[in-house]
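These protein sequence lines map, in sequence, to chains A and B. full-length UniProt numbering applies: residue 1 is where the first sequence begins, and numbers increase by one. full-length UniProt numbering applies: residue 1 is where the second sequence begins, and numbers increase by one.
These aren't lab readings, by the way, just hints derived from the structure by calculation. Every residue, glycine too, gets a C-beta built ideally from N, C-alpha and C. Among the clues, some could well be false.
[Said to hold, decoys possible] Some, not all, of what chain B presents toward chain A, calculated at C-beta under 10 Å: (1) Thr5; (2) Val8; (3) Ile56; (4) Met111; (5) Asp212; (6) Gly213; (7) Thr215; (8) Glu257; (9) Glu260; (10) Gly284.
The residues making up each chain are set out below.
There are 2 protein chains.
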Amino acid sequence: MSRFTAFVTDDVRFPTSQSLDGSDAMNPDPDYSAASLRLGSDAGDGLEGHGFVFTIGRGNDVQVAAIELLRDHVVGRDVEATLADLGGLWRELAHDSQVRWLGPEKGIAHMAIGAVVNAMWDLRAKREGRPLWQVLASLSPAELVDLVDFRYLSDALTPGEALELLEKAAPTRADREAELLRSGYPAYTTTPGWLGYDDAKLVRLCRQAVADGFTQIKLKVGADRDEDVRRLALAREAVGPAVAIAVDANQRWDVAEAIEWTAALAPYDVAWVEEPTSPDDVLGHAAIARGVRPIPVATGEHAANRVMVKQLLQAGAVEVLQIDACRVAGVNENVANLLLAAKFGVRVCPHAGGVGLCEVVQHLAMFDYVAVSASTQGRFVEYVDHLHEHFVTPAVVAQGRYVAPTAPGSGAEMLASSLEAHRRRHA
Amino acid sequence: MSRFTAFVTDDVRFPTSQSLDGSDAMNPDPDYSAASLRLGSDAGDGLEGHGFVFTIGRGNDVQVAAIELLRDHVVGRDVEATLADLGGLWRELAHDSQVRWLGPEKGIAHMAIGAVVNAMWDLRAKREGRPLWQVLASLSPAELVDLVDFRYLSDALTPGEALELLEKAAPTRADREAELLRSGYPAYTTTPGWLGYDDAKLVRLCRQAVADGFTQIKLKVGADRDEDVRRLALAREAVGPAVAIAVDANQRWDVAEAIEWTAALAPYDVAWVEEPTSPDDVLGHAAIARGVRPIPVATGEHAANRVMVKQLLQAGAVEVLQIDACRVAGVNENVANLLLAAKFGVRVCPHAGGVGLCEVVQHLAMFDYVAVSASTQGRFVEYVDHLHEHFVTPAVVAQGRYVAPTAPGSGAEMLASSLEAHRRRHA
Numbered sequence: 001m002s003r004f005t006a007f008v009t010d011d012v013r014f015p016t017s018q019s020l021d022g023s024d025a026m027n028p029d030p031d032y033s034a035a036s037l038r039l040g041s042d043a044g045d046g047l048e049g050h051g052f053v054f055t056i057g058r059g060n061d062v063q064v065a066a067i068e069l070l071r072d073h074v075v076g077r078d079v080e081a082t083l084a085d086l087g088g089l090w091r092e093l094a095h096d097s098q099v100r101w102l103g104p105e106k107g108i109a110h111m112a113i114g115a116v117v118n119a120m121w122d123l124r125a126k127r128e129g130r131p132l133w134q135v136l137a138s139l140s141p142a143e144l145v146d147l148v149d150f151r152y153l154s155d156a157l158t159p160g161e162a163l164e165l166l167e168k169a170a171p172t173r174a175d176r177e178a179e180l181l182r183s184g185y186p187a188y189t190t191t192p193g194w195l196g197y198d199d200a201k202l203v204r205l206c207r208q209a210v211a212d213g214f215t216q217i218k219l220k221v222g223a224d225r226d227e228d229v230r231r232l233a234l235a236r237e238a239v240g241p242a243v244a245i246a247v248d249a250n251q252r253w254d255v256a257e258a259i260e261w262t263a264a265l266a267p268y269d270v271a272w273v274e275e276p277t278s279p280d281d282v283l284g285h286a287a288i289a290r291g292v293r294p295i296p297v298a299t300g301e302h303a304a305n306r307v308m309v310k311q312l313l314q315a316g317a318v319e320v321l322q323i324d325a326c327r328v329a330g331v332n333e334n335v336a337n338l339l340l341a342a343k344f345g346v347r348v349c350p351h352a353g354g355v356g357l358c359e360v361v362q363h364l365a366m367f368d369y370v371a372v373s374a375s376t377q378g379r380f381v382e383y384v385d386h387l388h389e390h391f392v393t394p395a396v397v398a399q400g401r402y403v404a405p406t407a408p409g410s411g412a413e414m415l416a417s418s419l420e421a422h423r424r425r426h427a
Numbered sequence: 001m002s003r004f005t006a007f008v009t010d011d012v013r014f015p016t017s018q019s020l021d022g023s024d025a026m027n028p029d030p031d032y033s034a035a036s037l038r039l040g041s042d043a044g045d046g047l048e049g050h051g052f053v054f055t056i057g058r059g060n061d062v063q064v065a066a067i068e069l070l071r072d073h074v075v076g077r078d079v080e081a082t083l084a085d086l087g088g089l090w091r092e093l094a095h096d097s098q099v100r101w102l103g104p105e106k107g108i109a110h111m112a113i114g115a116v117v118n119a120m121w122d123l124r125a126k127r128e129g130r131p132l133w134q135v136l137a138s139l140s141p142a143e144l145v146d147l148v149d150f151r152y153l154s155d156a157l158t159p160g161e162a163l164e165l166l167e168k169a170a171p172t173r174a175d176r177e178a179e180l181l182r183s184g185y186p187a188y189t190t191t192p193g194w195l196g197y198d199d200a201k202l203v204r205l206c207r208q209a210v211a212d213g214f215t216q217i218k219l220k221v222g223a224d225r226d227e228d229v230r231r232l233a234l235a236r237e238a239v240g241p242a243v244a245i246a247v248d249a250n251q252r253w254d255v256a257e258a259i260e261w262t263a264a265l266a267p268y269d270v271a272w273v274e275e276p277t278s279p280d281d282v283l284g285h286a287a288i289a290r291g292v293r294p295i296p297v298a299t300g301e302h303a304a305n306r307v308m309v310k311q312l313l314q315a316g317a318v319e320v321l322q323i324d325a326c327r328v329a330g331v332n333e334n335v336a337n338l339l340l341a342a343k344f345g346v347r348v349c350p351h352a353g354g355v356g357l358c359e360v361v362q363h364l365a366m367f368d369y370v371a372v373s374a375s376t377q378g379r380f381v382e383y384v385d386h387l388h389e390h391f392v393t394p395a396v397v398a399q400g401r402y403v404a405p406t407a408p409g410s411g412a413e414m415l416a417s418s419l420e421a422h423r424r425r426h427a
């Protein structure tokens, strides 16, 4: 038996605002940051579990402090027993009543749980010597169901229904696993579309995306309507008619504004309109979805938890669900979100970018394909070509597809040299 | 002209878990705490602005750290200009994009804004020499509308509609203000109903509540159904048929369970069923509301922001809206919530208890009565007789009614001696 002995947090910051990488209508000057966690044990195997919360700058220290609140749930705990029952750990962390009060199940306190849970999964995968997606895809339907806290979900999805979904996909898992190893998973790129880029850079990056084999790109919109139309026309001209273009408003609009603005963009063939309004506004998204048809509404990267995802699906508010690796409480809650999407027949196109989000969320998409939805129809994982150089096993995209990772772990581990170089020194 | 010069936070904790005061089905052992803020200036008038976030123990330090994130928005700022445009300050704080990412507009980061905004209102009221409720109730309809950020609200409430509501109530404000000063505002008490109390204490406190003039009490439920029925029967016998009894499940149920459990309690005449499920579950609350009719559903103390309140109202999910002084981003967002409730014709019965929540939220209820809803029909402010001794101007309840405060300020200021005695010393 071994025990968790190390619970080490770091406040890691990258000065991305200097180049306006990541600039959008809501977030003009992000400094991509990670509140990171490293778990160590006395097992003597040298393996560590890595997790993090992605933030965009100030407050990353507060996020680190929130992760520290969970230290006593981890240090001294039996490693093997914990990793064998990550559903149990999830429930224990999510139901710590004093920490829960600070959300409940949302924001800083909830994302902190995600860092711990994801670090546990990283360690488990390393111990098994496999990438996270294969670890998850090797669990039985019953084991997967046990990862999920069905509290607040039973009016939309029961454990029995989840089991049924998973059992239906189980017999053909091996085919899809082999296909992923052979061909990877579809990606789309947001690299051309940041709002802070000038026209020449936009056009150049659009052409590059096509040359790189992407079949969908995404543009940020929402700050200035005429500008958006102009930039979208430029992008459409640059990529040609065969490449899909999604647009992302990053929560800038009210309901009526979202419908009108989207109508102005529609002539340029919009693949989806993303985050048109507040991520909390389920009913607003539903109204927008009705108002912009047949353009699909996409959202989810800021959906605070499985209860919000459940409602987006119940209300018909979303045709594209964009899970995020770090916004909810880790792998377990995202398994719940994937099961909910499968139940409602909605496609999942994970949010990525930031720091390390591509590295981690690709595993969830690949697990989903193998064991849950059994489909890549209309599905892509977002890709942004930033900051991958800081990771031990960076995401690899080739010919517009994520190459299936084969290295053990979740992809969350940053290089020691990057941590050292970008760790924030407190005064 | 004067400048803000002091921005002093404190981590204040009370060991309430020792007596099980505040124990409920979700929160078995809270240690009531406050992440407090004191604003000072170089005005030379000796006046300070006090605000706080209420938490139940661990994590109060993280909440303090989140308030500290907002320091640079305040220190050095022109006091008079800031206090004259608190709508502008609210928008600036809520739209700080790096801090916003940590919510957005929810949880620790959002409550921190509430502490700053409420401290500003406390200072403004002290400068005007009046209690907060009278300061708010003296603002013109146009000034009140300007306090509110209508982003994400316009599908339910436009500035024009808000103005119309406020103008309708304006000519008769003086009558209601005089009435409040004469008779106070109705209260109900939760003191008898904590889950950790034994039968004898429950019955004794129920009888005491009636003797004290309360016409409604509230019991915590949700841990054990048979026990709840038994305790409710005891309480009903103790208070007699004329006193209303509300029940509060503190988010313990799923939809079907909430409907069934409430049906088991219904024979004892339930005034409302509170927080039956996740505070995020608008559609779930709507389903429960349909399933438990004619018993009203109450919720709102954990509604993260005005967007959630909007949806609870749009969906017909709530018949009793329970605003909280500290859960959302302060006075301004609660003005939005009161306007939304008035638009939808839903009564507001504010959540209180904890530390200082009674002291502050009574001002919002009284303002609502004078300037917004113009009604106390079926309305009460919650009252719990704990920890008032730590405040400079403690809430006063007599004959089951809150006595209208007349001291300048918002009620949020704690005694220096209490701060000193209960400030957490960090290792």
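Going down the list of hints, with the structure as the test:
Of the supplied interface hints, the one on B/Thr5 is violated, with its beta-carbon coming no nearer than about 20 Å to a beta-carbon of chain A, more than 10 Å. Interface restraint check: B/Val8 against chain A, minimum CB-CB distance 18 Å, threshold 10 Å, status violated. The interface hint given for B/Ile56 is met, as the beta carbon of that residue sits about 5 Å from the closest beta carbon of chain A, less than 10 Å. The interface hint given for B/Met111 is met, as the beta carbon of that residue sits about 8 Å from the closest beta carbon of chain A, less than 10 Å.
Violation of the interface hint for B/Asp212 is found here, the shortest Cβ-Cβ separation to chain A being roughly 29 Å, above the 10 Å cut-off. A cut of 10 Å between beta carbons decides the hint on B/Gly213: the least distance to chain A is about 31 Å, and the hint is violated. Annotation: B/Thr215 was flagged as interfacial toward chain A, and the flag is violated, the nearest CB pair being 30 Å apart, outside 10 Å. At its closest, the beta carbon of B/Glu257 sits 8 Å from a beta carbon of chain A; the interface hint therefore holds under the 10 Å criterion.
Hint status for B/Glu260 relative to chain A: violated, with the closest Cβ pair at about 12 Å, above 10 Å. Given hint, B/Gly284 at the interface with chain A, holds; its Cβ is 6 Å from that chain's nearest Cβ, closer than 10 Å.
This entry does not satisfy hints 1, 2, 5, 6, 7, 9, going by the numbered hints stated previously.
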